[in-house]
Structure formats: structure tokens, C-alpha cells
Amino acid sequence: MTDHTTTQGNKGALAGRETVEVYIMGKRYVMPSSLTVMKGFEYAGYTLLRGCGCRAGFCGACATVYRVGKDHALKVGLACQTKVEQDMYLTQIPFYPHHKVGYNLDELRATADQVIEIYPELSKCLGCNSCSNVCPQQLKVMKYVSHAIRGEVSAAADESFDCLMCGLCASKCPANIVHYKVAILCRRLHSKYLAKKAEHLKHRVKELDAGSFDHLLLGLMNAEKATLVEKYNQRDME
Amino acid sequence: MTYTAAMRDLIKRVEATRDARLGKDFPRMTPQEKQDVLKNHHPDFIEHEFRQARLGPNKGDRFPHELCDVLEAYPMYDCNSFRADTVDQKVDVLIIGGGGAGASAALLAHQQGANVLLTTKLRFGDANTVMAQGGIQAASKPNDSPAIHYLDAMGGGHYNNIPELVKALVTDAPLVLQWLEDLGCMFDKLDDGTMLTIHGGGTSRKRMHSARDYTGVEIMRVLRDEVLARDINVCEFSAAVELLLDEKGRAAGAVLYNMETDQYQIVQAKTVILATGGLGRLHTQNFPTSNHYGATADGLVLAYRVGAKLVFMDTIQYHPTGVAYPEQVAGFLVTEKVRGLGATPVNIDGEQFVYHLETRDVASAAIIRECARGSGLTSPSGTPGVWLDSPLIERIHGEGTIARELPAMFRQFSRFDVDMRHDPILVYPTLHYQNGGVLIGDTGETSVENLYVAGEASGGVHGRNRLMGNSLMDILVFGRRAGLHAAQKAGGMKDFAPKLSIEHVKTFVSDLEAQGIAKTVTSPILLPFRHRLNPNLQL
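As given, the protein sequences belong to chains A and B, one line each in that order.
Heads up, the first sequence is in the working numbering, so the first residue is 1 and it goes up one at a time.
Heads up, the second sequence is in the working numbering, so the first residue is 1001 and it goes up one at a time.
Honestly, the hints are just simulated from the structure, not real lab data.
Take the hints with a grain of salt, since some may be wrong.
[Said to hold, decoys possible] Quick list of in silico lysine-lysine cross-link-like pairs, DSBU-like style, CA-CA up to 35 angstroms:
no., chain 1, residue 1, chain 2, residue 2
1, A, Lys231, B, Lys1206
2, A, Lys181, B, Lys1189
3, A, Lys140, B, Lys1189
4, B, Lys1309, A, Lys83
5, B, Lys1519, A, Lys225
6, B, Lys1039, A, Lys231
7, A, Lys181, B, Lys1206
8, A, Lys231, B, Lys1309
9, B, Lys1489, A, Lys192
10, B, Lys1189, A, Lys197
11, A, Lys225, B, Lys1034
12, A, Lys140, B, Lys1206
13, B, Lys1206, A, Lys202
14, B, Lys1034, A, Lys196
15, B, Lys1189, A, Lys202
16, A, Lys225, B, Lys1206
17, A, Lys206, B, Lys1206
18, A, Lys231, B, Lys1499
19, B, Lys1024, A, Lys231
20, A, Lys192, B, Lys1024
21, A, Lys100, B, Lys1189
None of the values given here were measured: they were computed from a predicted structure.
Isolated chain A, as found in the complex (with noise of 0.2 angstroms):
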């Protein structure tokens, strides 16, 4: 980390602006504070292809760890949703490997041991936290994991929502457990299982089957655009 490079974005750039230096893979560039790590990197002059997905925080595909000044705690971020700061020293962890897990939900049951009979290594979780530590949406990771552990599927569903399995959790686990795979399966066993099922869209269905709306539709197909323009001006709001 003591690689002193001079700057390689454009300096254009850089007059008048605040700047930070950054150290990227330990190279230090200078460049505008007003950046996201994202955009660090795309200064920096990086073309991103693994480690940039939405741009904005949804697709989990940019997480960064990092590390400031001479401060030795480890943080993270999604490189989309992160500021640059002052003697930043950080990486992308783009992928990190999963195993491969093979079920069909239809075979499944939303009982308490489903989870970990399919994940048994969740068993050897050792309350660290480390998983929860390292979430860039601050999650508390090893509480989901601790309720499907106990096989309380419906609350693990709903503590792990907002994941967006970007794998941060998998790549500090000591007891090698994949996190947001175990979440994503809670999920959808609480929804396909637990939650009730929508009475009036199981009615819809039916209706659709019967071929209820076709004659209506087709009556709308076949409208002068007058007619369409005079039924839409004159809707009802709900």
C-alpha cells in the first residue's frame, strides 16, 4: 500500500473540486470527493464489467471492503452506494462461490427442520456475527440465521427481505454456511407455504379461465380510437 502512482484520471476534472486519495487494489489515485467508489474506479480510468450491475443499489454485484487510514476495522459497501473518502484502501469482492443446491419447492415442506436439513452446515454456526458485521445493507444477518436454525421460517423470511445476496456474509463465515442462499430459501417457503394464498386472485383466475373478460376485451379491441379516448376520459378513480 505504499505504491505512491500519480493520479491517472483527468485532471481536467479536478479543478476546483474537493479531492480525496484513494488507494484502489493499493494504487493511489487522486480524484474528486464527490464520487462514489463506482465512479472512483471508472476515473481512476477501470472499465468495470465484473463488480458493476445496477448502479444503484439493488443487484448486490459491486460489493467493496475496505479499509481507512489507520484505522484497522474492516468496512463495507456497496461500490454504488459508497463515498469515496480520504485514504481509502479497497477492493471488490465481485463473486465469491457458492455451492450448488438442487431442490424442488413443490417437494418441500415449510417445517422447522426443512432449512437445515438442506443446509446442515447451519447447524455449525458459531454466533460470531461476523455475517451480520460484514452486510453492506445492515442486516442482521446471523438473527435470520439463527431463526431458521430454529426453524422459524416466516421470521427469517421477513429479518432477511432486503438482501441482496451479494455473498459478503459467505466470503467471513467461519462455519462456511452460504447466508442469503439459506435466506432466499426461507423466503420462499414462507411465501409459498406460510403466508395465505390470495383468495380474490384464485377467483381472477378462474374467471380468466372461463373466458369472463373476453367479450368485453374484444369489444375494446375492435373500438374506433374515439370510442377508446371517450370510455378512458370518462373512467371512475378508485
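Based on the hints, put chain B in the right spot on chain A.
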């Protein structure tokens, strides 16, 4: 990066009028007022931002310059290196694109017993699908019907939508919703199973179903999990760069490009489904965009070269509420659900100037007009904007609503020290969606036999303006239809032994040369142009 002192002062004006605005709906525009604001202020009507295509199936049609630039470009793949007898992989159904449309096509095709390959340029699931926050439309409630949904969609699209496609959308929508429920999608529900629904811009019924404000994320991660659980063949970081035809001019495969090793691969397929998304990352008219990194119109380029016609590509949807501040997240989407829950746009003086749930094109044009009038604000980085009065949500629905109903939005602004529960947020239209695309029929098939298109890459269903929640539904409706029909068709092609050809691309190159078009751009571009991606960085 909290609000500056000057902005704080201006926020006081919004606070001063809030009580008076609470509970009062601003009048909706008349049809004539809508036409006026669109013609005078919507980016689609700025003539010098468009030109006529000089060649191809849409020769003479009016397209944005940025789209013409990639359509009228030379292939990145060297056609002379193509050998018809060196096929690397043979599959029944080749699906290009790994978003919601591609994933649902894969599931339906696989269910039919087809040998499927899903290839995608970035990671499986990296797509605009995950960025759909607010909801998905389906007429599932007793006071609603597919016919009412049809009318809303047609009116929203200014009656240009293709009727057969809209019918497919509105009649499949409840089936898709049930399919998702059965796959284990965690929709917002009451304890008795009733799905929660709210309004979106242009809806006459509360038809927007949601999974908090991670609706697209939830749908995508469930579909992806199902594809992986079924062990369907997925190839990531592998872009299609040309389509291949057989001796009869039918789609029969593609040239794939490994984005990491620079190697090419020839895939032969009985049917091909393009599900590559839209053009947001071309940044038309230099607008910021809410779009995913990969939205570079690749599928349009490929389809155009095999002769598939595009429709409605002169109309782009600008979402009225993109982030205008803080700078780090400029252009990001502020989901329409924020307005659905009651937040209203107000100007520098704290006055509302447009009904908060007008259709997106009208709302965007109204915001652009307000700023052009000098009643907007200027962000610290110099860009225009108006307030979106988010604290109204807590006033209308009670404290805690924003954190509960809009966790993604709340988190995004909190990360940059803006508390949208107490302070309004600054917004300006952002490039959001390509309303048009490759023309399809109601099975997803194009004018080129055995070539299907689904999702944002396709065109016709939304006419000239898409409603919120209709694209998240359309990608699944037409992804499933394309997957089903492509697999069934492939099933009937037992003695498939095509002579693969890339002559159509060579012909296209001859046309480019005949038009005297210089070889300045090669396409598909696969990744956004650097200077458009970060215009303020002068890269």
C-alpha cells in the same frame, strides 16, 4: 452530503405550505393541456435530437441520434472468421439475456422439456428487472378487471399500443401473479392473504402489487433461484454479438463473446429468444439514467441486422422523479410508489404545479416546464430540479410509513444523510425506459421466423408511453409466452440440420459502405460509452 444552508432555507418554503396542501388533490390536466405540455416540453419532441435511419428494416424512420449511432455501425465480430461447420454448442432454445424476461422464458422452455441455454452479458440477474421498485400491475381485485387494465394501458400509451399485445398483457397478468405466488415470491399481503395494492401513475384502480420497494429484486431473485435449482444451463459474462440464420433465413443460433477471455463461440439453436433489455445506457440527449449498466441496446442491433422491424423507437420514457441531489446518486430512480403513497411535486415556492399521479410523460414534461419557467431549483452541482414532498407520506399514512413501505428509498437517501421522512427530496426527470423495441406478435415471435423477443427489447405493448408496473409484468408475460412457444416450436423440429449463415451481416456491411457511413463505431457496444456514463468527469 446533507442539504446545504441555501437548500435548508428553501425547504422552509415547502414546509410553510405543507399544511395547506395536505388532503387537497391538485387538478388533473385536461387532454388538451396534456398535449400542450408534451409537445412543448417533452424530450421526444425536440426535433434536432432525432434523425432518419439510413438503412435497414426501418429505413427512413425517425430515431434518436444515439440509437442511429449504434444501429448504423459496423459489426464488432469479424464475419470473415465465421465457419459454418465449427459449431461449439447445439441447443433447442437459446435465450439471450438474464433478466426477468430471459429467466421466465428459460423456466417455461425447460418445463416443456427443451434443452435450454441462457447466455447473458453480465451476471445472471443483472438487469433493469431488479431496479423495478414500486410494483407490478395485474387486475387481481374484485373492483378491477382485465378490461379496465386494458383501457388504462391504452390511454397511457396514447392509443398506439398494439391491441393483441395489450390483451395478452392484461389477461396473462393475474396468471403470472399466481405463478409468482406459487414460486414463493413474497408479496405484500394482509394476514388473510389479500394482496396489498396501490395506485400508480395513470391507473384507475389500485392495481400495483408490491414486495416492499424491492419488488423487482424479489421477483428476479426468486426466478434466478428457480432456474439454478432446476440446473438450467446458464452462461454468464457471455454476450451475443450476432444472430445466425439458416439457409431459409430463419434464426438458427448466435455468435457469443466471452467478455472475460475475448473468445468467440458459435451456438446453433432451433429457436432464439432475445431478452436483452433496452437502450437506457445510450444516455439519449445526455440525460442521466436510472438504467442498469448493461442497457446498451445490443438486442436491437442484432435484431436489426437480421431484418426484424423496430416500432415506437422515437419515444423514450423519462421518469419524472430521478434523483437530482445528492450528486453521488444523481439519475437514480425515486420510485413512483413515493408518489403513489402521496408525495407531491412542488416548486421553489412550495407550490404544487402538477397532479402527482399524471402519466410519466406528462409529469416529466410538467417538471421540465416548471424548471424552464424559472420556478425550479438548481442543485449544488448546477443541475435543475423540483421538490418531491416526501414528508407528506408520514402525514397521510402515519409515522413509520416511509421506513416500512420504502426501505430501499429510505436507505438510499439516508446513506447520503438526507432524511426523506422529514425533508423533501430534489428530483428531475431521468431516462428510464424504451417504450418501443422489436415488433412482436402475441407469442413473442418477430417477423424473422424462429426469432422471439421478450421484455424491454420488444415493442408494441406499451404504445408511446408505458405505465408504471406494466413492464415488470410484460417481461414475465412475454418471457413466458416466448419460452413456451419457442420450446414447442423447437420440439417440432426433429431433423434440424441447418446450414448456419452470417451472410446477412455481410450484406448489412455492404449497405453501410454504400451509404458512405464511416467506420467510427462498432456494435453491439456491450458496455456504455465512457464519456456518456460519467459526463461530469470529462472522461
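| query | Hints broken by the structure, by number, lowest first? | reply | Numbers 4, 5, 14, 18, 20 - these are the hints that the structure violates, sorted from lowest upward.
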